[in-house]
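2 protein chains.
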Amino acid sequence: MDLYDAIRRRRDTRAEFSGEPVAADVLERVLSAAHSAPSVGMSQPWDFVLVRDPPLLETFRNHVSTEREVFAGSLEGERAETFSKIKIEGICESGLGVVVSYDPSRGGSAVLGRHAIADAGLYSVCLAIQNLWLAATAEGLGVGWVSFYREEFLASLVGLPEGVRPVAWLCVGQVSSLPDVPDLERFGWRHRSPLADVVHENRYGAS
Amino acid sequence: MDLYDAIRRRRDTRAEFSGEPVAADVLERVLSAAHSAPSVGMSQPWDFVLVRDPPLLETFRNHVSTEREVFAGSLEGERAETFSKIKIEGICESGLGVVVSYDPSRGGSAVLGRHAIADAGLYSVCLAIQNLWLAATAEGLGVGWVSFYREEFLASLVGLPEGVRPVAWLCVGQVSSLPDVPDLERFGWRHRSPLADVVHENRYGAS
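Residue numbers (our numbering), protein chains in the order written: chain E, 1 to 207; chain Z, 1001 to 1207.
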């Protein structure tokens, strides 16, 4: 698929998972794309835990349901009403969760490019996630990033070692289709802004 | 360009900038790709400050030189020797710095998906950076992410408002070519690891 098509067609997927398994060779290409991302000092500080065990998926889904209620409880009026219609995860329906984590010990004792910005390693992990997401889109898969969880819960669920931080739970799976319009726009939660609003010349605020 | 080709050909560019200006329509497509990235709660919390003013570029380049010395001073023996040969930035040669920043106030008072993970907004900014990087690659441009700087210095240089955090300085420009092998590998700093090393099944450490 053309790069710009993949960027345009990529969606955050919740409701469209069919539950059919992802073929091993397809998943390998998608994970290889993630693993080809740039990383600070070539530290490649990411890991991918592929969660397919149904009890693990259900346990995580139940935790996310609880966190959904926490967020819902913070909303009032129109926001509460709008949020109540939005599906936030397809954890069990997708059949595959990819937990992406960050290991700051990766890359040796002196990571080139990280001495002044400790978070640079975390940034690298996100670049890998976007490669994964675009590759999945090109393969006809859906990806839904779930962030309604507590990091310590997820770290414990998949047994991350001390110091390794979970960055994302990605629902990855076959889909019936990908929606044209993002869910949050379709349900009236938010609308996309024009590019000109976020571009500045030489100084912030100057156009 | 095919997505997988863009992922494979993308390089972190330092030495190959030709200094020719980037056409406005090309830059618009590249920034639009970034602005099409997914973001937590559709908050689109990024900004792009396009720095082309030569004195600003030189000021930043000088700051980065100082930080290079800080890092070099932490190294010994073979590491110091290997690092001494590696070019870490093409700030003036590229002629264009794209400062990408994170504004946590974007997206309203309750950002859907951020109540449990404060860094989720920062993660979104990195997804936009990867879209930008791949689009630039497809357009035949080079991108070099410079992270040898102090955040407060860069924030002040381009006038970021209080609370807006710089995430990256990207050198973006025309290039003579993109190297086949990443610089850090070519110069013997690090080598890429096999995918199998970072993939786990259900639990970290299980294959």
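It is worth saying that the hints were derived from the structure and are not from the lab.
Only a predicted model underlies this, so the values are computations on that prediction, with no experimental measurement involved.
Accuracy of the hints is not assured; some may be wrong.
[What the hints assert, rightly or not] Taking beta-carbon pairs under 8 Å as the criterion, some of the chain E residues facing chain Z (in silico):
#, residue
1, Ser65
2, Leu184
3, Gly188
4, Arg190
5, His200
Every residue gets a Cβ at the ideal spot worked out from N, C-alpha and C, and that includes glycine.
Against the structure, the hints:
1. At a threshold of 8 Å, the smallest CB-CB gap from Ser65 of chain E to chain Z is about 13 Å, leaving the interface hint violated.
2. A distance limit of 8 Å between C-beta atoms decides the matter here; for Leu184 of chain E the minimum to chain Z is near 4 Å, and the interface restraint holds.
3. Here the hint on Gly188 of chain E is broken, as its CB sits about 11 Å from the closest CB of chain Z, past 8 Å.
4. At a threshold of 8 Å, the smallest CB-CB gap from Arg190 of chain E to chain Z is about 4 Å, leaving the interface hint in force.
5. Restraint check, His200 of chain E versus chain Z: the minimum CB separation of about 4 Å is within 8 Å; hint holds.
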